[in-house]
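Engineer: Got chain H sorted already, so can you dock chain X onto it with the hints?
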Amino acid sequence: MSGLTKIEIITRPNRFNLFQKELAKIGVSGLTVTKALGTGLEKGFIELYRGTKKETNIHERMKIEIVVSTVPVEDVLRVVKETLRTGEPGDGKVFIYPVSEVIKISTGETGVDALQDKPSK
Amino acid sequence: MESVFMFFCTLLVWLMTPGIALFYGGMVRRKNVLSTAMYSFSSMAIISILWVIVGYSLAFAPGNGFIGSFDWTFLHNVGFAANDTYSDAIPHVLFMMFQMTFAILTVAIISGAFAERMNFSAYLIFIILWSLLVYSPVAHWVWGDGGWLRNLGALDFAGGNVVHISSGVTGLVLAIMIGRRKEADSASPHNLPLALIGGILVWFGWYGFNVGSALTIDNVAMTAFVNTNTAAAAGIIGWGLVEWLTNKKPTMLGTISGAIAGLVSITPAAGFVTVPSSLIIGFLGGALCFWAVFWLKGKVKYDDALDAFGLHGIGGIWGGIATGLFATTKVNEAGADGLFYGNASLVVKQLIAIGSTVAYVAIVTALIVVIIKLFLPIRVNEEQEFKGLDLTLHGEKAYQE
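Heads up: the sequence lines are chains H and X, in that order. Under full-length UniProt numbering, the first residue of the first sequence is numbered 1, with each subsequent residue one higher. Under full-length UniProt numbering, the first residue of the second sequence is numbered 1, with each subsequent residue one higher.
Next comes chain H alone, as it looks inside the complex (with noise of 0.2 angstroms):
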């Protein structure tokens, strides 16, 4: 094993400040975010256009992912659950994926050695 896990969490874009502070005082400082529409447990709503209705399900969310090697997958979930769990319909969820490699393409490095922020000696 590469020792590398990644982290994907879907959830509303109204707290990703707030999550994204609290994660970089774990030392996660890299993230991909993504925006994204999609349907879960969460109820729809109806937009009226001169009394024409269309129900929608499909909601707003971010998609963040992360890939972590030093620093634990639970302290991340901690954050997670901190930060973001409001324990209504529609707070989202978490994916984890073991990662065969990581590659920075500035440098080459590969592995742990990739995901640093400095490059290592």
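Honestly, the hints are just simulated from the structure, not real lab data. Heads up, some of the hints might be wrong.
Here are the simulated DSSO-like pairs of lysine-lysine, each with C-alpha atoms no more than 27 angstroms apart in a straight line [stated by the list, open to error]:
#1 H:35 with X:397
#2 X:330 with X:301
#3 H:118 with H:25
#4 H:53 with X:248
#5 X:349 with X:31
#6 H:43 with X:249
#7 H:53 with X:182
#8 H:118 with H:104
#9 H:54 with X:182
#10 X:301 with X:31
#11 H:53 with X:31
#12 X:31 with H:35
#13 H:54 with X:330
#14 H:25 with H:35
#15 H:43 with X:248
#16 H:35 with X:299
#17 X:299 with X:248
#18 X:182 with X:330
#19 H:53 with X:301
#20 H:53 with H:21
#21 X:373 with H:54
#22 H:54 with X:299
#23 X:31 with H:54
Structural biologist: Frame of chain H; chain X shown alone:
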């Protein structure tokens, strides 16, 4: 002073057509915003030219009860001197320009019915034929020298028949003959703030439309001014109240639609009724148009994309009837008393005017469509409709990624 006033009113009405371009443009999907605005802008190009060549002459030159003549083609004899038949206060050529802005606007209003699916070439041919065969005759009936509805004594202050009923009914006929959009049920406005800006311009221009129809700045013009604003405001409340009760939420698009419904409704009556009457006319106009757009359209299943018929057709018909009910000579000596002032015959005249306009407009519009269909497709193909008319007909996109 009259000429300055009418010049300003003409400019205001001119602004309504670009206003319609934005109003309609915001209400379609992003792939059709430019093609929708093109309908309005090409109306400005085509009808402006057609009007000075022959349209104005057919509508306003002395003729028979049904149509004018070719006497004023290329504005022959239409100069700076006033024409007493229409106004002794302003230059004849200014009256012609004022009327031109109405002719342009009417065509632009129609385009709301078939937005997102009509072939542009067919549209251009349609508006040329329609303006000559429908707009000019109907304008002549109502306002022209010797027009049969004018002689009958039917009242239409600023174009309830000529502009709104004719555009609304034409829109309905086209919407039915062209057919529903493939994705009619899932289509929703792509930019309501744009529609709001357009709606505001249309409302603003409407003051020139109604107040200017007095053709001079007098007590009738000021009555029309107050009535126009009152009815627009009451239209918002009428529409908004029914919408709030029916759908549990008052919407912005509903608010601006209610204003337009109120404005359409008061148009034929603007210079003939009192302020309390304009309140009732606007309020009921808003409520009725909401009913037409929400209930009638869903029930009958025609796809009047942006509600040209729902607002202008229904609002115009209601306004015409309301003129027969509420008109009073206390407001305007040149008008007549309506049913509520002891004269039932005015309602009958109004119904004749409305009925004949609806029938004539519907039949001739249908004939024009049938004739155009012999030569070229009136509707875009499925692929073009799916990709959007902006890209497939005009080769441009409103929004780059």
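Engineer: Each hint: holds or not?
Structural biologist: How the hints compare with the structure:
About 23 angstroms separates the Cα atoms of residue 35 (chain H) and residue 397 (chain X), which keeps this hinted pair within 27 angstroms; it holds. Restraint check for residue 330 (chain X) and residue 301 (chain X): not satisfied, since their Cα atoms lie roughly 44 angstroms apart, outside the 27 angstroms limit. Proposed proximity of residue 118 (chain H) and residue 25 (chain H) is supported: the alpha carbons are some 17 angstroms apart, at most 27 angstroms. With a C-alpha separation of about 12 angstroms, the suggested pair residue 53 (chain H) and residue 248 (chain X) falls inside the 27 angstroms cut-off, and the hint holds.
This hinted pair does not check out: residue 349 (chain X) and residue 31 (chain X) have alpha carbons roughly 45 angstroms apart, beyond 27 angstroms. A distance of roughly 18 angstroms separates the Cα atoms of residue 43 (chain H) and residue 249 (chain X); the hinted pair therefore holds under the 27 angstroms criterion. The suggested pairing of residue 53 (chain H) with residue 182 (chain X) holds, with an alpha-carbon distance near 17 angstroms, which does not exceed 27 angstroms. For a cut-off of 27 angstroms, the pair hint linking residue 118 (chain H) to residue 104 (chain H) stands: about 11 angstroms separates their Cα positions.
Annotation: proposed proximity of residue 54 (chain H) to residue 182 (chain X) holds, straight-line Cα distance about 16 angstroms (limit 27 angstroms). Simply put, residue 301 (chain X) and residue 31 (chain X) have alpha-carbon atoms about 24 angstroms apart, close enough for the 27 angstroms limit, and the pair holds. For the hint pairing residue 53 (chain H) with residue 31 (chain X), the CA-to-CA distance comes to about 21 angstroms; that is within 27 angstroms, so the pair holds. A distance of roughly 22 angstroms separates the Cα atoms of residue 31 (chain X) and residue 35 (chain H); the hinted pair therefore holds under the 27 angstroms criterion.
A C-alpha spacing of about 48 angstroms is found between residue 54 (chain H) and residue 330 (chain X), which places the hinted pair above 27 angstroms, so the restraint is violated. With a C-alpha separation of about 24 angstroms, the suggested pair residue 25 (chain H) and residue 35 (chain H) falls inside the 27 angstroms cut-off, and the hint holds. Between residue 43 (chain H) and residue 248 (chain X), the direct Cα distance comes to roughly 18 angstroms. Compliance with the 27 angstroms bound is thereby established for this hinted pair. Between residue 35 (chain H) and residue 299 (chain X) the alpha-carbon distance is near 39 angstroms, which puts this suggested pair outside the 27 angstroms criterion.
Distance hint between residue 299 (chain X) and residue 248 (chain X) is fulfilled; the C-alpha atoms sit about 21 angstroms from each other, no more than 27 angstroms. Note on residue 182 (chain X) and residue 330 (chain X): the hinted pairing is violated, with a Cα-Cα distance of about 52 angstroms set against a maximum of 27 angstroms. For the hint linking residue 53 (chain H) to residue 301 (chain X), the alpha-carbon distance of about 15 angstroms falls within 27 angstroms, and the restraint holds. With a CA separation close to 40 angstroms, the supplied pair residue 53 (chain H) and residue 21 (chain H) exceeds the 27 angstroms bound.
With a C-alpha separation of about 34 angstroms, the suggested pairing of residue 373 (chain X) with residue 54 (chain H) is violated against the 27 angstroms cut-off. Simply put, residue 54 (chain H) and residue 299 (chain X) have alpha-carbon atoms about 17 angstroms apart, close enough for the 27 angstroms limit, and the pair holds. Between residue 31 (chain X) and residue 54 (chain H) the CA atoms are separated by roughly 19 angstroms; this keeps the pair inside 27 angstroms, and the hint holds.
In this structure, the hints that do not hold are numbers 2, 5, 13, 16, 18, 20 and 21, in rising order.
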